[in-house]
Amino acid sequence: MSKFNLFSKNKKSNLQNQKEQEQDIVIENDSRKTQKFDHLQQKCTKNNKNDLYQMEKRERKRKKIEKENLKIQDQKQKKQIKRQKELSKMRETYYYQRLKKLRKHFSHPFILIDDVYYLYRSSSKEFSKARVPSSRRFYRRRSRGKNKFFSIELLKKKQQTKKIFKKKPVKGSGNCRICGMKYKDLDEHINTKKHRNFAKLDDNYLEIDLLFQQIVKENKMKSKTNMQFQLSDSSSRSDSDSESVSELESESD
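Here the sequence shown is numbered in UniProt numbering, starting from 1 and rising by one per residue.
Hints were generated in silico from the structure; no laboratory data involved. Treat the hints with care, since some could be wrong.
BS3-like mimics (lysine-lysine), calculated; alpha carbons at most 30 Å apart, straight line [unchecked claim]:
no. : residue 1 : residue 2
1   : Lys-100   : Lys-182
2   : Lys-78    : Lys-64
3   : Lys-61    : Lys-89
4   : Lys-61    : Lys-85
5   : Lys-57    : Lys-67
6   : Lys-76    : Lys-89
7   : Lys-57    : Lys-79
8   : Lys-79    : Lys-67
9   : Lys-78    : Lys-89
10  : Lys-63    : Lys-85
11  : Lys-67    : Lys-78
12  : Lys-63    : Lys-76
13  : Lys-89    : Lys-71
14  : Lys-89    : Lys-79
15  : Lys-182   : Lys-101
16  : Lys-194   : Lys-156
17  : Lys-184   : Lys-200
18  : Lys-64    : Lys-101
19  : Lys-76    : Lys-64
20  : Lys-194   : Lys-158
21  : Lys-184   : Lys-194
22  : Lys-100   : Lys-85
23  : Lys-71    : Lys-100
24  : Lys-182   : Lys-194
25  : Lys-184   : Lys-100
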């Protein structure tokens, strides 16, 4: 026989014993009540009917009071269960809101981890692990699709990309090479007043000859660089020769 079958049989036998004990207790209580009632009935004579009536009233009241007490106990138990559920929800919401506030200071790739250094850690002799808080209690995991903990910069970039891709390119649009203004149709833009006024003004243009005069000629630049290079080589060689001569004199001495 397997362990599971043994466990189930033991459980059933225990339940049967409990039920039998409860039934015996109920029978004993009923028998005691009947004995009391019979004993009182014997005391009362036939002429004293009022006494019997009053005794019945008392018993009825007692039964009502017992029922009311049972109802009150049930209500208290239900209230306690509701209160426990509410407290558990309050704790979850508190931890969740606390994480939200702390997560604002961190950027997207980093994750918040609570410090566990202050908790008690057993020594190597005790051979027991430290009590570490569970991850479910501090962080409610979500699916990748519903994850909303993005940084503000990423959200701005997404909004900008959406705006850019929504705009469709218009045919024939562009910037004018002369005045730098945007246009949709070139023919209409050329006939506008702004374009004509810009084209008429001589201050907006530069003469090409002036530009060439300002540029340094290549031949002159090459000659200057060659002269500088030769002078630098001659100076370096003279220094090296003087050093070698001084060394030879010192050795001869």
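Do the hints match the structure? See the list:
1. Lys-100 / Lys-182: violated, 46 Å
2. Lys-78 / Lys-64: Distance of about 21 Å is within 30 Å: holds.
3. Lys-61 / Lys-89: violated, 42 Å
4. Lys-61 / Lys-85: violated, 37 Å
5. Lys-57 / Lys-67: Holds: Lys-57 and Lys-67 sit about 16 Å apart, inside 30 Å.
6. Lys-76 / Lys-89: holds, 20 Å
7. Lys-57 / Lys-79: Violated, at roughly 33 Å.
8. Lys-79 / Lys-67: holds, 19 Å
9. Lys-78 / Lys-89: It holds: about 17 Å lies between the C-alpha atoms, which stays within 30 Å.
10. Lys-63 / Lys-85: violated, 34 Å
11. Lys-67 / Lys-78: holds, 17 Å
12. Lys-63 / Lys-76: Cα-Cα ~20 Å, so holds.
13. Lys-89 / Lys-71: It holds: about 27 Å lies between the C-alpha atoms, which stays within 30 Å.
14. Lys-89 / Lys-79: holds, 15 Å
15. Lys-182 / Lys-101: Outside the cut-off at roughly 47 Å; violated.
16. Lys-194 / Lys-156: violated, 36 Å
17. Lys-184 / Lys-200: holds, 22 Å
18. Lys-64 / Lys-101: violated, 55 Å
19. Lys-76 / Lys-64: holds, 19 Å
20. Lys-194 / Lys-158: Violated. Lys-194 to Lys-158 sits at ~37 Å, over the 30 Å cutoff.
21. Lys-184 / Lys-194: holds, 15 Å
22. Lys-100 / Lys-85: holds, 23 Å
23. Lys-71 / Lys-100: violated, 44 Å
24. Lys-182 / Lys-194: holds, 12 Å
25. Lys-184 / Lys-100: Since the Cα atoms of Lys-184 and Lys-100 sit roughly 49 Å apart, the hinted pair is violated (cutoff 30 Å).
Violation of the numbered hints given earlier is confined to hints 1, 3, 4, 7, 10, 15, 16, 18, 20, 23 and 25; the remaining hints are satisfied by the structure.
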